[in-house]
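Grab the two chains, each in its own frame, and use the hints to assemble them into the complex.
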Amino acid sequence: MSETRKVDLAWLLLVLLSVAGAGLGGRADAGLGVAVMVAVVMAVKLRLVCDHFLELRSAHQRIRLAVYAFAYGMPLLVVLTSAFGDTLARLTGALIP
Amino acid sequence: MWVGIFCELTEFALLFAVYFIARAHNPDAFEAGPGRLSLAAGTGYTLMLLTSGWCVARALHAMRAGRKPACLRWLLAGFVFGLGYPLIKILELRWNFSHGLDSDAGVFVVTYYYLTFTHLVHVFWGLLGMLWVMARTAGGAYTVAEHGGLEAFACYWHATDILWLMIFPLFYVLR
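Chains as they are written, first to last, in this note's numbering: chain B, 1 to 97; chain E, 1 to 175.
If we strip away everything but chain E, and leave its shape as in the complex, we get (with noise of 0.2 Å):
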């Protein structure tokens, strides 16, 4: 499990290198850039990934307490702020191309789209797993004194969470 996570955050440590350096040579185009970005989408994809990291926190809290249906509750919830990733992602795209920000819109524009797409696929990647989890929840694969697949996911699914906590303020905040 560790082993992905960390191949997770050394593929997003090259992007933020990518960015950082891109930041560099292109100051005024960064100071600028998240004035061009809506800064209302990328708030609500903060507060609905930590509502999701949450709800499967509480997940894992209550499969520990042998609540298996309080369990698999939770990790409903948490698919269902999860999926707001996405849903937000469509309105915040619409408005972009609405606000010509393509991919001819510049060096910030360029890796904002760079680095928020590959996380996107994180979050696609978790969601998935996220049914799994819940399929195997229900289907009583998992114990109270063996659930680690319920803990890896839930692992994985909070790196996909501390991923966007370093995302979010370096295109939607710091100018």
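The following block holds chain B by itself, in its conformation from the complex (with noise of 0.2 Å):
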């Protein structure tokens, strides 16, 4: 398969996965289930955009893993904090005046 055609297939999937995830900003509940998915959703998505539009698997081995860290590294967030939110909170509350 050529490299444009990879693009237009990962363009493609990315709306795709975009209308499936609004789709979970339409149900009522809330719950770590649904961060869980959320976060697979959101991780799926930016490593789309990195290897077929910032076509990270080509630029230097530093730059990709900080990047992927910092890709895989939201969506982990996102479970952590909804999985501990209450040990989060407790941890930062000397913060919050």
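Treat the hints as calculated values from the structure; they're not laboratory data. C-beta atoms are modelled at their ideal positions from N, C-alpha and C, and glycine is treated no differently. If a hint is listed, it holds; no wrong ones were tucked in.
Pairwise CB distance ranges, derived in the manner of DEER restraints:
no. : chain 1 : residue 1 : chain 2 : residue 2 : range
1   : B       : A30       : E       : A70       : 43 to 53 Å
2   : E       : G35       : B       : L16       : 19 to 29 Å
3   : B       : R57       : E       : F124      : 23 to 33 Å
4   : E       : A145      : B       : R57       : 18 to 28 Å
5   : B       : G93       : E       : A145      : 51 to 61 Å
6   : E       : D102      : B       : L95       : 21 to 31 Å
7   : E       : A135      : B       : A59       : 19 to 29 Å
8   : B       : G23       : E       : L93       : 18 to 28 Å
9   : E       : A145      : B       : L13       : 24 to 34 Å
10  : E       : L131      : B       : E3        : 19 to 29 Å
11  : B       : Y68       : E       : A17       : 17 to 27 Å
12  : B       : V40       : E       : G35       : 18 to 28 Å
13  : B       : G31       : E       : L91       : 23 to 33 Å
This is the structure in structure tokens:
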């Protein structure tokens, strides 16, 4: 498959995932399960942009790892904050007046 | 180029830290928050930015293939879709204010304005950058062998995409 075709497919997949992700927003319920689904969709979309738009696979290894760490760190934080929000609030209590 | 992009990511990392701490301290406000915003606007921004990013990626492929007119057309399309972002922002702000979502509307809304306006500024820089690379492409400044400026712009624009793909679920989806 040509690189151009891969970019086209990545865009199509990103659009479909965005619409599906918006569907999650229409759900009235909250909780860890929804947070995990949101995080997974976010991670897949970020990986698609990193690999096919940003062409990170051809970047220097340190740059690639730093951007991947940021891209995977955010979905992880979504899940951790959802699961351990009380702990985070306790740890950061001194920051809030 | 990467120094600038990492500065941008660091700036947003700090803003995301504010989001997560605010969320941890105000779980009820953040659980109810997405229901107060326009999901259609949030989805609209996402589709506009993703499509603009795709056009810019295709422009880069066209330049590498030596097809400069096609490159310019893809950049123009990317600019038009990119303009969709501030246009939706105007409509969304009208909708927000008509629904009482101003700076007194609570911690969720303030955090939302704080992050999304910062992102809007970065989109504006990107749109100006896109006009610049379009002018340079039209003027014949880039070649198949040397188009580093176009690549640098594309990286910035995709990094702005990446940041939006994080902001969108945090404010419009996650309860």
